[in-house]
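> Could you put the whole structure together from the sequences, leaning on the hints where they help?
Respectively, the protein sequence lines represent chains A and B. Going by the working numbering, the first sequence opens with residue 1, and the numbers climb by one from there. Going by the working numbering, the second sequence opens with residue 1, and the numbers climb by one from there.
These aren't lab readings, by the way, just hints derived from the structure by calculation. Ideal Cβ positions, reconstructed from N, Cα and C, are used throughout, including at glycine. Warning: the hint list may mix true and false statements.
Unchecked claim - EDC-like, lysine to aspartate or glutamate: derived pairs with alpha carbons at most 16 Å apart:
| no. | chain 1 | residue 1 | chain 2 | residue 2 |
| --- | --- | --- | --- | --- |
| 1 | B | Lys196 | B | Asp181 |
| 2 | A | Lys285 | A | Asp337 |
| 3 | B | Lys87 | A | Glu153 |
| 4 | B | Lys196 | B | Glu225 |
| 5 | B | Lys87 | A | Asp12 |
| 6 | B | Lys196 | B | Glu28 |
| 7 | B | Lys135 | B | Glu170 |
| 8 | B | Lys196 | B | Glu158 |
| 9 | B | Lys87 | A | Asp16 |
What the hints assert, rightly or not - Now the stretches of chain A that chain B is said to cover, found in silico as 3 or more residues with beta-carbon under 8 Å:
| no. | region |
| --- | --- |
| 10 | 9-19 |
| 11 | 152-159 |
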Amino acid sequence: MIRRIARKELLDTTRDGRFRVLAILVLAISVTSLLAGWKHYRDVQAQHEQAQRATRAQWLGQGSKNPHSAAHYGVYAFKPKNRLSMVDTGIDPYVGVAAWLEAHKQNEFKYRPAQDRTAVQRFGELTAAEGFLVLLPLFIVLVTFSTFSGEREQGTLRQLLSLGVRTRDLALGKALGVAAALALVLVPATIAGIVCLSLTPEYGSLAGDTARAALLGTIYLAYFATFIAISLGVSARARSSRLALVVLLSFWFANSLIVSRAASDLAATLYPTPSAVEFQSAMEKDLADPSDVEQRFERRRQELMQRYNAASIDAVPINFAGISLQEGEEHGNEVFDRHYGRLFEIYDRQNHAYQIAGIIAPLLPMRALSMGLAGTDFAHHRSFVHAAEEYRRSIQRVMNYDIAERAKPGVVYTAGPELWEKVPDFQYEAPATGWVLEHYRWSLLLMAAWLAGSAWFAFSSASHARVD
Amino acid sequence: MLEASALTKQYNGVAALDNLTLRVEPGEVFCLLGANGAGKTTAINLFLNFIEPTSGTARINGLDVTAHALETKKFVAYIPETVMLYKNLTGLENLEYFSALAGRSDYTRLELLGFFKQVGLQHEAADRRVGTYSKGMRQKVGIAIALAKGAKALLLDEPTSGLDPKASNEFSELLRQMSADGVAVLMATHDLFRAKESGTRVGIMRHGQLVRTLGTSEVGHADLERIYLEQMHD
Numbered sequence: 001m002i003r004r005i006a007r008k009e010l011l012d013t014t015r016d017g018r019f020r021v022l023a024i025l026v027l028a029i030s031v032t033s034l035l036a037g038w039k040h041y042r043d044v045q046a047q048h049e050q051a052q053r054a055t056r057a058q059w060l061g062q063g064s065k066n067p068h069s070a071a072h073y074g075v076y077a078f079k080p081k082n083r084l085s086m087v088d089t090g091i092d093p094y095v096g097v098a099a100w101l102e103a104h105k106q107n108e109f110k111y112r113p114a115q116d117r118t119a120v121q122r123f124g125e126l127t128a129a130e131g132f133l134v135l136l137p138l139f140i141v142l143v144t145f146s147t148f149s150g151e152r153e154q155g156t157l158r159q160l161l162s163l164g165v166r167t168r169d170l171a172l173g174k175a176l177g178v179a180a181a182l183a184l185v186l187v188p189a190t191i192a193g194i195v196c197l198s199l200t201p202e203y204g205s206l207a208g209d210t211a212r213a214a215l216l217g218t219i220y221l222a223y224f225a226t227f228i229a230i231s232l233g234v235s236a237r238a239r240s241s242r243l244a245l246v247v248l249l250s251f252w253f254a255n256s257l258i259v260s261r262a263a264s265d266l267a268a269t270l271y272p273t274p275s276a277v278e279f280q281s282a283m284e285k286d287l288a289d290p291s292d293v294e295q296r297f298e299r300r301r302q303e304l305m306q307r308y309n310a311a312s313i314d315a316v317p318i319n320f321a322g323i324s325l326q327e328g329e330e331h332g333n334e335v336f337d338r339h340y341g342r343l344f345e346i347y348d349r350q351n352h353a354y355q356i357a358g359i360i361a362p363l364l365p366m367r368a369l370s371m372g373l374a375g376t377d378f379a380h381h382r383s384f385v386h387a388a389e390e391y392r393r394s395i396q397r398v399m400n401y402d403i404a405e406r407a408k409p410g411v412v413y414t415a416g417p418e419l420w421e422k423v424p425d426f427q428y429e430a431p432a433t434g435w436v437l438e439h440y441r442w443s444l445l446l447m448a449a450w451l452a453g454s455a456w457f458a459f460s461s462a463s464h465a466r467v468d
Numbered sequence: 001m002l003e004a005s006a007l008t009k010q011y012n013g014v015a016a017l018d019n020l021t022l023r024v025e026p027g028e029v030f031c032l033l034g035a036n037g038a039g040k041t042t043a044i045n046l047f048l049n050f051i052e053p054t055s056g057t058a059r060i061n062g063l064d065v066t067a068h069a070l071e072t073k074k075f076v077a078y079i080p081e082t083v084m085l086y087k088n089l090t091g092l093e094n095l096e097y098f099s100a101l102a103g104r105s106d107y108t109r110l111e112l113l114g115f116f117k118q119v120g121l122q123h124e125a126a127d128r129r130v131g132t133y134s135k136g137m138r139q140k141v142g143i144a145i146a147l148a149k150g151a152k153a154l155l156l157d158e159p160t161s162g163l164d165p166k167a168s169n170e171f172s173e174l175l176r177q178m179s180a181d182g183v184a185v186l187m188a189t190h191d192l193f194r195a196k197e198s199g200t201r202v203g204i205m206r207h208g209q210l211v212r213t214l215g216t217s218e219v220g221h222a223d224l225e226r227i228y229l230e231q232m233h234d
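Structure below.
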């Protein structure tokens, strides 16, 4: 019975010319955005690999010079992109993907495409995720809004119910019918997505990314099912198709455009971030504070004199210039950790508040999960920033301790490629899928709640659907 | 087969149907006559359990329709003033869908075409989308659905209003065949002529009450009209 209803709904829908035009349009947009994402991913990935090799070659080939000069010379670190970033670019265009790692400074990230954009472009980048999270729900609303109310207006609902059809069977059949119609768009889009993913064999193992892609796909499906159920429920409850359409479009509009911005603004009001200038000047003030550095120098001086049983620091067989450089670094690191830690903590709180606002709009937890699984969210960014900073600090340590051990006071000291090679190439392992799910457990929970709640709404609305 | 006992439906204290008691046996065609708002459609809606009775019971095949909402619907077929069909489907697809939902998904194409033929629809109409169907054709599809369902009772709500005389006549002929096969028919209608022609009994309703019941064989056309108008005048 349910299957029969689903089959009729599918046939009825697909014979509608308006559906065909819409479906082709949505499919074209999905495939185009996937291809654009794939192209962008390949280009950026190729550039990164090249740049990463170039920065390594430059580091190794910098010739003979003082290690501290080398530390200032610096290297670049590039954030590797997950394959799924071709689906959802997340915050990457805003936070950048490359950092210059040099002495004394934890630099901001560079290469932010959003900086070069006009205001109009900034309004909306058409990624595949944007298509799936915003456009597809609109498509679902347009296909579904009249399924119940339309039958009531036509009078076919009376006839169906006079046959002894249960309204909940009708609701389930209709839901499956809409899902099947949707599959006509989703299956080709998914195939296009799989092809895009598999056409990037040169960038690491596919298996892990495939599992993530499957998970992301499942979560998207839950989101679509939520929209189908809400649309059916409203259609069963509304007095007319027109009213159902107005209600559903309002919900879609609020979900896609209003709540997302309102939630960001609310989160920013609840947990305000300092302006860039405030942040920078507060950090520089702490960096420039001499008392802490002086204390550190004195402590190390005493320590070394004690260890080598020397009367003065000049009698210690270690070059104190290297030690003081390293202590300066350590001081800076503490300041960076404090300031960036505080800033990132605020971002995390904002993100959390944003996710919790998903109680009113399913798009918010979906965005979080989509970016999270694509590896383009703030949590991944933070993880990479941390790894890059650790790498910067390790370079400084190697350079400074080399000065401490080898440089003779009063003699110009230079080191060569053997030292540069002591610094390993930068390797970064992005967090695993389990870590992502753990991080976004609230969003997962909210999505499950939306799915269950909307299914209940659809069934109870259908069970109480009036005949006329 | 169809049985109402003291069936009453009130809306805000006003009785749309007042204490209706009637029985329609297999093979009978009972025609409910009366002005608009006399309670004819309310009676049919109560049999279909589309509305809840205020008091009294409606039974189909001995079962209370409110307590056995789904089971009682197995025995009846309902034909409204205009049978509504899905315009994107062909006539045959519509028939197949409605009979499948009535529990008969086992018919072959040939059998379904047989029902089409039985109600006098052209073979070529079967594979055409129903957007082009006339009202007469739609009503015939309604009968075909009832036949496919194997209904033991028919509930008809002014099924011939607006039909041209030929189509109306064909429809009545189909009803006669069904009642000859032992189907109980309850039909609300304005058409005194049709009621006399195809009905076995007529009931005249006024303000929700069944005020007069008579057998169609007892009266002639002119008598029926006179009695009807008398009842309307009071």
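> If a hint holds in the structure, say so; if it doesn't, say that too.
Here is how each hint holds up against the structure:
Our distance criterion of 16 Å between C-alpha atoms is broken by Lys196(B) and Asp181(B), whose separation comes to about 20 Å. Between the alpha carbons of Lys285(A) and Asp337(A) the distance comes to roughly 15 Å, so the proposed pair stays at or under 16 Å and holds. For the proposed pair Lys87(B) and Glu153(A), the alpha carbon gap of about 14 Å is at most 16 Å, so the pair holds. Restraint check: the Cα-Cα separation between Lys196(B) and Glu225(B) comes to about 10 Å, which is no more than 16 Å; the hinted pair holds.
At most 16 Å may separate the alpha-carbon atoms for a hinted pair to count; Lys87(B) and Asp12(A) meet this at roughly 8 Å. Our distance criterion of 16 Å between C-alpha atoms is met by Lys196(B) and Glu28(B), whose separation comes to about 13 Å. Proposed proximity of Lys135(B) and Glu170(B) is supported: the alpha carbons are some 13 Å apart, at most 16 Å. In summary, the hint linking Lys196(B) to Glu158(B) is supported, as the alpha carbons are separated by about 15 Å, within the 16 Å threshold.
With a C-alpha separation of about 10 Å, the suggested pairing of Lys87(B) with Asp16(A) holds against the 16 Å cut-off. Given a C-beta distance limit of less than 8 Å, the hint that chain B covers the region 9-19 of chain A holds, as 4 residues qualify and 3 suffice. With 5 residues having a beta carbon nearer than 8 Å to a beta carbon of chain B, the region 152-159 of chain A meets the requirement of three or more and the stated coverage holds.
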